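There are 4 protein chains.
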Amino acid sequence: MSAIKPVLVVAGARAGGTGAATAAAFARKGYSLALISRGAEDLQALVDELKSAGSDATAFPVPSYSAPSISSVFQSIHTRYPSPHYSIRAALYNASHSIRKPFLDLTLADFHAAQETIVEGAFAFSQEIIRVFKENDIDADTGKRGFLIFTGSTTSIRGNRTTSAAAPAKWGLRALSQSLSKEFGEWNIHVAHAIIDGIINTPFSRSRFNDPPNWVENEDVRLNAEDIAKAYVYLAEQPRSAWTWELDLRPAHEKW
Amino acid sequence: MSAIKPVLVVAGARAGGTGAATAAAFARKGYSLALISRGAEDLQALVDELKSAGSDATAFPVPSYSAPSISSVFQSIHTRYPSPHYSIRAALYNASHSIRKPFLDLTLADFHAAQETIVEGAFAFSQEIIRVFKENDIDADTGKRGFLIFTGSTTSIRGNRTTSAAAPAKWGLRALSQSLSKEFGEWNIHVAHAIIDGIINTPFSRSRFNDPPNWVENEDVRLNAEDIAKAYVYLAEQPRSAWTWELDLRPAHEKW
Amino acid sequence: MSAIKPVLVVAGARAGGTGAATAAAFARKGYSLALISRGAEDLQALVDELKSAGSDATAFPVPSYSAPSISSVFQSIHTRYPSPHYSIRAALYNASHSIRKPFLDLTLADFHAAQETIVEGAFAFSQEIIRVFKENDIDADTGKRGFLIFTGSTTSIRGNRTTSAAAPAKWGLRALSQSLSKEFGEWNIHVAHAIIDGIINTPFSRSRFNDPPNWVENEDVRLNAEDIAKAYVYLAEQPRSAWTWELDLRPAHEKW
Amino acid sequence: MSAIKPVLVVAGARAGGTGAATAAAFARKGYSLALISRGAEDLQALVDELKSAGSDATAFPVPSYSAPSISSVFQSIHTRYPSPHYSIRAALYNASHSIRKPFLDLTLADFHAAQETIVEGAFAFSQEIIRVFKENDIDADTGKRGFLIFTGSTTSIRGNRTTSAAAPAKWGLRALSQSLSKEFGEWNIHVAHAIIDGIINTPFSRSRFNDPPNWVENEDVRLNAEDIAKAYVYLAEQPRSAWTWELDLRPAHEKW
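Residue numbers (my numbering), protein chains in the order written: chain A, 1 to 256; chain B, 1 to 256; chain C, 1 to 256; chain D, 1 to 256.
Hints are computed from structural coordinates only; laboratory data are not their basis. Where hints are given, some of them may not hold.
What the hints assert, rightly or not - Distance condition first, Cα-Cα at most 25 Å in a straight line; then the derived DMTMM-like pairs of lysine to aspartate or glutamate:
1) D:Lys29 - A:Asp110
2) A:Lys255 - D:Asp141
3) C:Lys134 - B:Asp42
4) C:Lys5 - C:Asp137
5) B:Lys134 - A:Asp110
6) D:Lys134 - A:Glu219
7) C:Lys101 - D:Asp211
8) B:Lys29 - B:Asp137
9) B:Lys29 - C:Asp110
10) A:Lys134 - D:Glu135
11) A:Lys101 - B:Glu219
12) B:Lys134 - C:Glu217
13) A:Lys29 - D:Glu135
14) D:Lys134 - A:Glu217
15) D:Lys255 - A:Glu217
16) D:Lys255 - A:Glu219
17) D:Lys134 - C:Glu219
18) B:Lys255 - C:Glu237
19) B:Lys255 - C:Asp141
20) A:Lys255 - D:Glu186
21) A:Lys255 - D:Glu226
Fair warning: this is a prediction, and the values are worked out from it, not measured in the lab.
Kindly produce the complete structure, drawing on both the sequences and the hints.
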């Protein structure tokens, strides 16, 4: 007779990034992993890596984070991780779209890409997740039917000269998370938002930035994805009397 | 030989509302009026009313606030108010989309409607306006090439139980305005955002709310569109040494 | 038979500064002026200047902005501008204390000086003013028994490396203004707060800063006290349906 | 040969409250406890309780949280927990002053009491603590010389009708924490602020509130001090790449 297996769903998982590190951290807590991402090949490589470390992980590649795409992928997730053997108990919306341009250089496609990946995807993802959570029982330890967290950034709280596409989307995501936190708290669904205020040490950022020269080595000046994941696990485990909607995370030496 | 005539462009103008009152207030300052709105018939009635009061106003009806729709209508505006006889010097983005629903009742269409009218429309409108403003000379009194204001609301700064569609859009609009304010200040383009924190006395709200019974008569408990318009005129006239990005406006007795 | 004369009370008035400019602006609207400040000699010079311009102004020097000092000076103000011939209808708390030091260099005296001038003084001033306002009748044009504004700064919304004495005081002042705005709105008393986000062109700042070299001449990079005063007059005149608690004011080219 | 023993200093510790629960939680991590509080008798009872549970705890009663009182008590702490045998590595400023009154009912003594306990005490406490922290070595696991956290509340971010004494103090405390976080991050000193947004289940609150009737039993509607303490321990252990300045904590069903 087997216990129900908890599942974490992540949208936006790339090897070496926050989504992947969060997946690995929840796997260590006994979760199965449903990983949604663009880039089927890279996603499969990540899943293979997680599996070779002993995790139960499945790749759910998507062509985009449009709402129809999200809806469709959730059908596959439910087929792969069916109730009552599996129970989706945690979810991370980590998909984002990096764009920094002068306002007048932005195309409508740029604007839509940010909106779709950051806001529309999160909206559709949240509807899928919260519908599932509402059917869950309340976990005795945490008082939760489920835990949903969104990854934000400095741009989530500050508009800037080159953020006229990104900031509207990231502020929108933050507003969604606050509205959901208020609406579903009484359902014992915990919704949270993390402001990542600094550069994360990922393959992507390592390929892009080399200033200051030693930033990768110096843990005081950039975030480890694993340390962000620790924060997400902590939040997932917060007991019902003291839940956090929002926290910021930044390196010790970050100027802010 | 005639002077150049200043033009105010308003997106979102309904008789009795903030857009209409702002148009009338700028008309009294000598502006011609380009009024963009849905509902061609109502818009024409408003334009007729403004014209019968001696204003130079033109209706630019749109089927929606989608970016293509906004681009298209600006072509008509430039034809009707051509440079150098006319100069667009002020713009108000007042279009909004009222939607309050539990999150799980929201359709994707609901979500898109809010995003399109509030964020995509504002994005496209701002690109049109700022391109024009950048070509303007700097007004000697105000130090401005142009003035662009966005109408926000309580929902712009607070997510709530039934605002999971509206809040992401209104926060997004606020983020856009802040990014533009920072990017174009050095171009002497003044971008502002107003948080209207209370019910406005409009035909629409009168038809919808009757609680408390005397709220229409009692100026202490709701906003007059004319008083919001006064604030917008004030902001438009602020001299270059002291520009406001954001102010809130609420009735004297509002609980907040 | 004479009409009742309105009085503006200013705490923190130095020649060439915001307090002085606000006094002059309200004088042009017909107000008598009660000016509270440290530095009796400078204050008298300012009053003389205002009087020579035709204003009715009186100097009320204080040794400090401690609460007892504020209470005592209000007795003198009531004696000089007695009811019912005079009516205090507007008040500006503009006193501040400029201190930027590394935290560990701050003495307790430094800390107290900031707290006393910025928070304690404002607390005592507000009690004096609101007690008077509550006895006033409601002005028909503005719907106000009185208007009370506080001058804030960038430090009011952002703590920084050298603001561990100033920021607690300025945030405290902002909190006071928000609490009072909420408590006394229903009394038709308008309480506002202005965030001055930039350097003001005053004799004091001219003596202190010379970077960039042309900052004094360039109205795009610093605030005129007169333009701040215009904002304060505008706020004082806002009609009851649309009052502002807070606005920011910054030069066109300010980086923020 | 004995290892250096880490010490937690708490200001504001009452049996059953956040300070006491935090002390107990850090004791379980191997910390000695220096507990500062008013009410010598109650404090001694708390210390006795902690000692009977096996903790090393010492009572440091103070007559008030005035700066001189804080300075004096730190001399005693250093005598009792001398370097190099002991090392102060963590500190909680949890002292507060509960006051809710209409503004005009507040006495200057009320105002000063809130300022002294909440802001002046925190200022003096922080100077003592940061001076010590700067001499510490950097902990290999967390990247910290020390961890300093302040307890805030709903009033820390929102002024209200009856908070014109409390809000200026609590906003001031928050500003202090933000300034210190920015100044001392590069010293590897972690400064944090927690917004406790709800009622805490303490002997004090149980004696004061009985609405709704079952609030004490229902963990969904109020905070456990132990759960706040868990958050503080979590923050203390955050690794250097991802530190939080601020998080909020509220019960699952809290309306906000």
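Here is how each hint holds up against the structure:
no. : hint                : result
1   : D:Lys29 - A:Asp110  : violated, 50 Å
2   : A:Lys255 - D:Asp141 : holds, 22 Å
3   : C:Lys134 - B:Asp42  : violated, 45 Å
4   : C:Lys5 - C:Asp137   : holds, 13 Å
5   : B:Lys134 - A:Asp110 : holds, 22 Å
6   : D:Lys134 - A:Glu219 : holds, 19 Å
7   : C:Lys101 - D:Asp211 : violated, 47 Å
8   : B:Lys29 - B:Asp137  : holds, 19 Å
9   : B:Lys29 - C:Asp110  : violated, 50 Å
10  : A:Lys134 - D:Glu135 : violated, 51 Å
11  : A:Lys101 - B:Glu219 : violated, 45 Å
12  : B:Lys134 - C:Glu217 : holds, 23 Å
13  : A:Lys29 - D:Glu135  : violated, 38 Å
14  : D:Lys134 - A:Glu217 : holds, 24 Å
15  : D:Lys255 - A:Glu217 : violated, 44 Å
16  : D:Lys255 - A:Glu219 : violated, 38 Å
17  : D:Lys134 - C:Glu219 : violated, 44 Å
18  : B:Lys255 - C:Glu237 : holds, 21 Å
19  : B:Lys255 - C:Asp141 : holds, 22 Å
20  : A:Lys255 - D:Glu186 : holds, 8 Å
21  : A:Lys255 - D:Glu226 : violated, 33 Å
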